[in-house]
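There are 4 protein chains.
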Amino acid sequence: MFSTETTVRVRYAETDRMNYVYYGNYASYFEVARVEALRSIGMSYKRIEEEGFLLPVYEYNVKYFKPAFYDDVLLIKTVVPVLPSVRIVFDYEIFNEAAEKISEARTTLVFMSNETNKPCKAPEELLAKLRKYF
Amino acid sequence: MFSTETTVRVRYAETDRMNYVYYGNYASYFEVARVEALRSIGMSYKRIEEEGFLLPVYEYNVKYFKPAFYDDVLLIKTVVPVLPSVRIVFDYEIFNEAAEKISEARTTLVFMSNETNKPCKAPEELLAKLRKYF
Amino acid sequence: MFSTETTVRVRYAETDRMNYVYYGNYASYFEVARVEALRSIGMSYKRIEEEGFLLPVYEYNVKYFKPAFYDDVLLIKTVVPVLPSVRIVFDYEIFNEAAEKISEARTTLVFMSNETNKPCKAPEELLAKLRKYF
Amino acid sequence: MFSTETTVRVRYAETDRMNYVYYGNYASYFEVARVEALRSIGMSYKRIEEEGFLLPVYEYNVKYFKPAFYDDVLLIKTVVPVLPSVRIVFDYEIFNEAAEKISEARTTLVFMSNETNKPCKAPEELLAKLRKYF
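Protein chains in written order, with the working numbering: chain A, 36 to 169; chain B, 36 to 169; chain C, 36 to 169; chain D, 36 to 169.
Honestly, I wouldn't trust all of these hints.
The list treats identical chains as interchangeable, and a pair is accepted whether it falls inside one copy or across any two copies.
Claimed, not checked - Below, computed lysine-lysine pairings styled on PhoX-like, alpha-carbon distance capped at 25 Å:
{"id": "1", "residue 1": "101", "residue 2": "81"}
{"id": "2", "residue 1": "167", "residue 2": "101"}
{"id": "3", "residue 1": "156", "residue 2": "81"}
{"id": "4", "residue 1": "98", "residue 2": "112"}
{"id": "5", "residue 1": "153", "residue 2": "164"}
{"id": "6", "residue 1": "98", "residue 2": "156"}
{"id": "7", "residue 1": "167", "residue 2": "153"}
{"id": "8", "residue 1": "98", "residue 2": "81"}
{"id": "9", "residue 1": "156", "residue 2": "101"}
{"id": "10", "residue 1": "98", "residue 2": "167"}
{"id": "11", "residue 1": "153", "residue 2": "98"}
Just so you know, the hints here were simulated from the structure itself, not pulled from any lab data.
This is chain A alone, in the form it adopts within the complex:
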């Protein structure tokens, strides 16, 4: 299992008239979290794409226990629970500044070849860097 933490500060743009972060905007927080998780082991998501992979999200499940508010600094704990193959799973928990868990989520992404536009195995460099955690 591989895990990291990152923080995001809530922007005004991300709030809605309920005074909460709009439920759709968590998706970009989780995007930041998984990109920073990869960066922490020396993998750039941008470079993965440049090397011929697409990595679309196949499934996304999220629960919202408490709202997030404007200007909150949110702590996101990100876990890769299993060594990826064609798919890579990320689990997330978000905590507010009072250390309350306000959300949890899972995204499943699929490695696709840019050339064939078909699912393919994760890049070997990524697997090499992740293997030590499993």
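Assemble the complex: chain A is given as a structure, and chains B, C and D must be docked to it using the hints.
Below, chains B, C and D without anything else, positioned relative to chain A:
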């Protein structure tokens, strides 16, 4: 069971550099779908809020089978599978112009009282309008 | 001068905690307005891109006289004030349901060749369709 | 004149199918820049609101000289060119990692009283903190 259909046209703003609709932007499509579902039976989501209810999303699950692209007109079929009480569930299916199902999702929203900030029963007017479908 | 009208309904996603439409979200309303303006004369923005043009925004000026609110149906009047050459200018006015002008804006976009990545003349098909208005 | 710098990293969510940051998404970068400018002198934008002020954007002008791309770390230089009264002006310049100026912008925001919903003078605490720079 209550069901309706609505369409949305994909905006440039909603695409990402993969050339797909960004996975986080489907949330606003589902928001449009459920608001139009309510409007189709004479309920305004805005008025529900004005009458003292908040309706935050508690849970959101979505699968992406195929991408949606810029300028696509997407058909969203929305179903309320059970008569709401404190929660209201919406199920969604999105079809592209080739009539392929590209996504399915479920959102669970919770009725909250604006005054007490606690969960509460759905407004009676909404229940009255939905009962005939169940 | 070429002019058209289109409407957009404000989504919850587009509001912010001030209860207004977030100032950054007007940009996608103006995008919808100019795309529909082109569609009204038989030009698809998507097809322009497919024929080898990029059309990035070079300049964007907007004034916000009054706020727009959730669920408002906004009327956008769009004008192309001069026949385009390398640039195309769109002027916009937004009116709320009380027929009050709440915003005005101008965007200047530049035709770029996808191959050379340099500015180029507008596609002849577009010019042919616009000439009768000038 | 008061000036500060802040950085933002481009999210995938903020790109569009042209491979650029969508022109509408710069607005939230400028929001981050002005909020961090205020924070750097000990003013929280959130607290300004809590003390009874609204601060809507009245005017926004932006030029895009070069595109911003996914994962770029953008440097935003923010200047308050004149001591605010009822309005506060922010000027911005964005530089990419090659130190090229890719964008410049100005936003004019208006202080409004939450009670009267009318324009009002900037909070005295803010003015006290800014005066030394002018």
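Hint-by-hint comparison with the structure:
{"no.": "1", "hint": "101 x 81", "verdict": "between (32 Å within a copy, 19 Å between copies)"}
{"no.": "2", "hint": "167 x 101", "verdict": "neither (35 Å within a copy, 33 Å between copies)"}
{"no.": "3", "hint": "156 x 81", "verdict": "within (17 Å within a copy, 33 Å between copies)"}
{"no.": "4", "hint": "98 x 112", "verdict": "both (15 Å within a copy, 23 Å between copies)"}
{"no.": "5", "hint": "153 x 164", "verdict": "within (24 Å within a copy, 40 Å between copies)"}
{"no.": "6", "hint": "98 x 156", "verdict": "between (29 Å within a copy, 20 Å between copies)"}
{"no.": "7", "hint": "167 x 153", "verdict": "neither (28 Å within a copy, 46 Å between copies)"}
{"no.": "8", "hint": "98 x 81", "verdict": "between (28 Å within a copy, 24 Å between copies)"}
{"no.": "9", "hint": "156 x 101", "verdict": "between (37 Å within a copy, 19 Å between copies)"}
{"no.": "10", "hint": "98 x 167", "verdict": "neither (30 Å within a copy, 30 Å between copies)"}
{"no.": "11", "hint": "153 x 98", "verdict": "between (30 Å within a copy, 18 Å between copies)"}
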